[in-house]
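Line order of the protein sequences matches chains A and U. If you read the first sequence in our numbering, its first letter stands for residue 1, the second for the next number, and so on. If you read the second sequence in our numbering, its first letter stands for residue 1, the second for the next number, and so on.
Hints in this document: simulated from the structure, not taken from any laboratory. Careful, some of the hints might be misleading.
Distance condition first, Cα-Cα at most 27 angstroms in a straight line; then the derived DSS-like pairs of lysine-lysine [as the list claims (entries may be wrong)]:
| no. | chain 1 | residue 1 | chain 2 | residue 2 |
| --- | --- | --- | --- | --- |
| 1 | A | Lys48 | A | Lys258 |
| 2 | A | Lys48 | A | Lys73 |
| 3 | U | Lys143 | A | Lys258 |
| 4 | A | Lys155 | A | Lys258 |
| 5 | U | Lys143 | A | Lys48 |
| 6 | A | Lys199 | A | Lys48 |
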Amino acid sequence: MTQTIDHAEAKQLMQASLDGELDAMTQLRFDAHMAACPRCSADYASLKALSAAIRAQATRYTAPAELRAALAKALPIDAAEPSKPSNVVPFHRRWLGPAGAGFAVGAALAASLAIMIDTHSADDMLAAGIVTAHVRALQPGHLTDVQVSDQHQVKPWFDGKIDFAPAVKELSDQGFDLVGGRLDYIDGQEAAVIVYRRKLHMIDLFVTHTRHGGGHPDSLPAAHATPSGYNVVRWSDNGQDYWAISDLNRNELGDFAKAWLGR
Amino acid sequence: MGPDTDTARFAEMAMPHFDAAYNLARWLTRDPADASDVVQEAMLRALRFFGSFRGGGSAKSWLLAIVRNTAIDWMRANRPSQIAPPPADDGDPLENIADQGDDPEAALIRASNRQQLDRLIADLPPEFRECLVLRELEELSYKEIAAVTGVPLGTVMSRLSRARLLLQRALVRENAQ
């Protein structure tokens, strides 16, 4: 942390920082150089603008409904009867087998999110529960029990519903809008869930009594991906455990944790 | 474990990533009909190889690697004229980014629109395009992109840098006019 970095190294690290691939220490050193160097920080601003423009504007193509339907119909048939090695013939015909053996795409989707979590440790169990709860909450109408955009409405709502007082923070000036809150039940204990939004991405912040102890964290928490593709970041603060989960990229979810911790 | 259970397990694994599979195929082939063909073939291959998927690494990268390889085979067989040799590496792209200017450049980049970005990304050499799409649109980590594309981590980083550099230059050039 004491070692500073120079221009050349900053340039080398720029892409990795943008992509959330730096370890915490290197990230801090990189940030320190950016704060002190207008030229590098202008370059970094361009790079960030490009990434933001691509993410906001470039087309994410979605599979046509016919293709999805054809797949649903075809899968069980092809499973019983392995297909021939691929060649240049168009594949459409192969998919038009007898109907009736389809599967429920929605159910499969929800189930896979829960199943694919590795359940080795208590934390993993908790993570699995949180992913499941997050997915459940994303179903229409389930996201929030109290829907407001003001911390003074969310915080009192939890009073008397749970036996601890979760901190509800207003972070909209940092790009995270408060959407509301709800109660959930994670791995055998009650959790307060505070819901934020970043553009189109929902962030569920689960708050429970701590099982790790400890006060304000010394190191910045890092976001990591769950096997189901959601990103998770956890920290403990003031006797409570926090888990933020979202389909937001790791970098921005890390920013959320930083914003929450006031750094 | 019977075939039905296998298929159900496969569906559970693959369906959440079906749009990602299509998106990658669509960007690699640059054509909706070609993308549909590639995705169908890729799903059949994936199902056939499902036995070799042991849950190590992410399901998304596993599936996208198959989509990617299927797309390349498909393009070789059906669109050979579009397969170009990988572009020569003309030095460290990071060297070049730095000297291009200050905040006005960021403003020019922000002035981009969907149509322009789609066109410029589609025009990137395929090796650069796939890294960019996997990173920016599918939000895979470097490690996952390396797993999908089958190239070393360093190559992923340099291709991604070059893709961004080319896009940055093109956007600045077009939007400055």
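request  = Could you work out which earlier hints the structure fails to respect and list their numbers in ascending sequence?
outcome  = 2
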